[in-house]
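K.L.:
Here the protein sequences line up with chains X and C, keeping their order. Here our numbering = 1-based position in the first sequence + 286. Here our numbering = 1-based position in the second sequence + 1.
Hint data in this document are derived by calculation from the structure and do not stem from the laboratory. Check before you lean on any hint, since a few could be wrong.
[Said to hold, decoys possible] Simulated crosslink set (DSSO-like; lysine-lysine; CA at most 30 Å straight-line):
hint: 1; chain 1: X; residue 1: 572; chain 2: C; residue 2: 154
hint: 2; chain 1: X; residue 1: 572; chain 2: C; residue 2: 141
hint: 3; chain 1: C; residue 1: 65; chain 2: X; residue 2: 572
hint: 4; chain 1: X; residue 1: 716; chain 2: C; residue 2: 82
hint: 5; chain 1: C; residue 1: 90; chain 2: X; residue 2: 572
hint: 6; chain 1: X; residue 1: 716; chain 2: C; residue 2: 154
[To be verified] Some but not every residue of chain X turned toward chain C, in silico, with C-beta under 7 Å:
hint: 7; residue: 543
hint: 8; residue: 545
hint: 9; residue: 547
hint: 10; residue: 550
hint: 11; residue: 557
hint: 12; residue: 577
[Stated by the list, open to error] Computed Cβ-Cβ distance ranges for the label pairs, DEER-style:
hint: 13; chain 1: X; residue 1: 526; chain 2: C; residue 2: 86; range: 37 to 45 Å
hint: 14; chain 1: C; residue 1: 111; chain 2: X; residue 2: 622; range: 58 to 66 Å
hint: 15; chain 1: C; residue 1: 65; chain 2: X; residue 2: 749; range: 33 to 41 Å
hint: 16; chain 1: C; residue 1: 86; chain 2: X; residue 2: 594; range: 27 to 35 Å
hint: 17; chain 1: C; residue 1: 65; chain 2: X; residue 2: 507; range: 52 to 60 Å
Glycine residues also receive a C-beta, built at the ideal position from the N, C-alpha and C atoms.
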Amino acid sequence: MSKNSPMPSIHRTLTHTLLLGAGFFIVGVSLLLDLTITGFLTDGFDDDIFFRAQSLVTLTKVFEEGIELDFAGEFMPEFETAEGPEYFEIWLPDGSLLERSESLGKNALPTSNSPVEAAEWENVELPGAGLCRLLRITFHPQQEDADVEGELEASGDATLGVTLLLARKRNSFDQLLKAIHFLIWGSLGVLLLVVIGFVRLTLRRGLRPLDDIQRQVQNIDPGALDSRIFLQKPVVELTPVVDQLNAMLVRLEDGVIRERRFTSDVAHELRTPLSELRSLSEVGLKDPDDHEMVVSFFQDTREISLEMEHLVSTLLELSRCDGGSRIATADDVDLTSILQKVLKRVATHALERQVKVDCHLDQPFVVKSDWTMVETILQNLLNNAVSHGPQGCTVVVEKLKDAPGLKIRNPAPNLVESDLTHLFERFWQKDAARTGGKNAGLGLSLVKAFALLLNLELSVQLEDQQLTFCLVFPGT
Amino acid sequence: MKLLLIEDSTRLQRSIKKGFEKEGFALDIAGDGLEGMALAVAYDYDVLILDLMLPGMDGLSVLKTLRDRGSKIHVLILSAKDQVADRIKGLEMGADDYLIKPFDFDELLARVRALVRRRYETKDPTIQIGNLKVNTALGKIYHQDGEITLSPKEFTLLEYLLARRGRVVTRDALVEHLYTGYGDVASNVIDVVVCNLRKKIQQKCEQTLIQTRRGFGYVIP
C-alpha cells in the first residue's frame, strides 16, 4: 500500500461495491426494459402501418381498364383530411401516380417512388405534418379470377409492379415513447436513490457491531490494560473475535503486571545488596586504618558479590529458558549420585539449622535426562526444604513407588493451600520481608523452567502441613 | 546519644553500627520486628532507625504499636520501598523522617543528628558556652584559638550534658545513652571520659564547665 493511498475500509468497500452493483443492475434492467418496450411499440406501430398498407394493396386491383384503387374515403377517413395522420401514394410501374391520399393535399411524399424488392422503412419529414414513418413496398395488384367470378388471384404479369408509399405521422407515437422513456428512467432515478438509502442503512445497521468494536478499541487507553471489549448484541461472526481479543488483553495485562512486578522485584533484590555495599564502603572509608573493621567489610563485600553473581546467573538461566536458547541433553543420569553430591553441599546449612535430611536412595537410580539441569533442580529443591523448613525439622527424600521419580518432603507449618499457586512465581517469598542474600525467591522458578524443558512432571502438595514436591521423569 | 536500629540485613547492621559508633553514638540492634519492638519499649532511645520489611513484625506495625502506646521516640524509616505512597504512608503513621536505600551514610548520620536535636528542642546546632562553641551537627568544638579535638565518646557526653544544661545527669543515665548493651559497662568509665574531657577543655581555661554533684552525677550550669 502506498503511503498516500487511504487505508481500505470494509464499510466503504461494501458501500461502493453494493451501490455500483445495484446501480449497474438497475441501469441495465432499465435499459433492457426501455429497448424492449420501445422495440415492441415500434414494431406494433410499423405492423399497424403495414396492415394498413395491406389494405391499400388489397384495394389495388387490375381491371380490364388497367390498375385501379378501389378506395372509399369514408372507410378510411385518416387519408381524407389535411391533418392526416396517414398519407399514401401509389405509383404505377411506368412511374405515373395512380393515387395520392387527400390528406397530402398538394404535397408529395419526400422519397423515391422506384420499386423495391422488399418493404423499406424510413422516417421522413413531411411539410406541415412533421416527422412521419414511411413504408415503401412494391406489389403486384390482384385481378379477377378468369374461372370463378368474384374471386381474385395474383397477377401473373411481373411487369405490373406497383409501388405503395404509406406514411403515418409519428408525433403522438413519439410522445408516447418519450412518456415511456421518462417513466422508465425517472423510476430508475428514484429506485437508485432508494437503493442508496437502503444500502447505507443496511450496512450501517449490519456493521454496527464492527463499528462498536472499532470505537471501543480506539478508546482503549494504552496505560489502562484492564479495558475489555463488549458486544451490545452478540453476533456469530464477531463473538469469537471479541472473545479472542479479550483473552489477549487478559494475557497482555497479566504479562505487563508480571513484567512490572518482575522489574520491581529485581530492583528490590538489587537495592538490598547495593545498600549493603554502599554502607560498607562509606563507613570503611571513614576509618581505613581500622584494619579489623576493613577486613570484615571486605569479607562482607565478597559475600555480597557472590550472592549478586548467583542472582544474575539464575536470572540469565531463566532468560535462556524463556528465550528457548537453553538446550537440554539426554544422558544417563544417576539420581542417587546427584543427590549425594547435593546433600554434601547443603550439609553445612542443614547443620546450622539443625535440619536432618533423610535420603532413602542408596541404589543407583538411572533416568534419561540432562545431568546439569537435574542437579540444579535437586539442589534448589533441597535448598528450599532446608532453608524454609522449621529449625530442627526432618527433610525426607525418597523414590516414588508408582512412577520413575522422586519426592522431597519437609514440614511447612506457615504455608497455606493458596500459597502453592505462588510457589513457582519469580521472587515470591512467603515472608514479605526480604532477607536479601541467598534467598531471592528464584530457585523454584528455575526448577519449574528446567522441569518444563526436560518434560518432567513437577507437582507440589500440602498435606498435614507437610510440603511435598514430586518429580516424575518421562518413561525411559 | 543512644540509637536503636531494627534491620534484618546483618551486613547492613554491622556497617551502620560501626559507622555510628565511630561518630560517638551508641547503637543497639534488632534483627526482626518483634525483638526491635521489645527493645524500643524497654529502653529510652533518642532515635529509632527502622527498616520496613522485617521478619516477625513489619516496620509499619512496629511504628503503629509504638505510637499507639504513646511513644514519642523519633523514628527514621530506612527502607528500599521508594514509592511516594510508601513514604507518605510511613510519615503519616508517625515516622519523623524517611530515607531510601541505598543511602549515603553521611546523609543518614546528618538526619539522625537532626532528629536528636529535635528531641532536645535545639534547632541551632551551634551552642555557645563561655569561650567555647559546640557544633553538634559537625560534632566539633571550637575555642577562639581553634578546634579542640575530642574523641567521639567525649563529644557525645558533652553534647548530652549540654542538651540537659542546668540539670544533673546521673552516671547511669550517661551510661545508658553513651553505651550499647545493658549493664556491661565498667562503673568508672563515665568518670574517665569526664576526666579526659575536663583536661582538654581546661587547657583552654574553661575550668568549671562540667561540675560534679557528689552522689548524683554531673551538670553543666
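K.L.:
Would you pick out the hints that fail for this structure and give their numbers low to high?
P.N.:
As far as the earlier hints go, 3, 5, 6, 7, 8, 9, 10, 12, 17 are violated by this structure, in ascending order.
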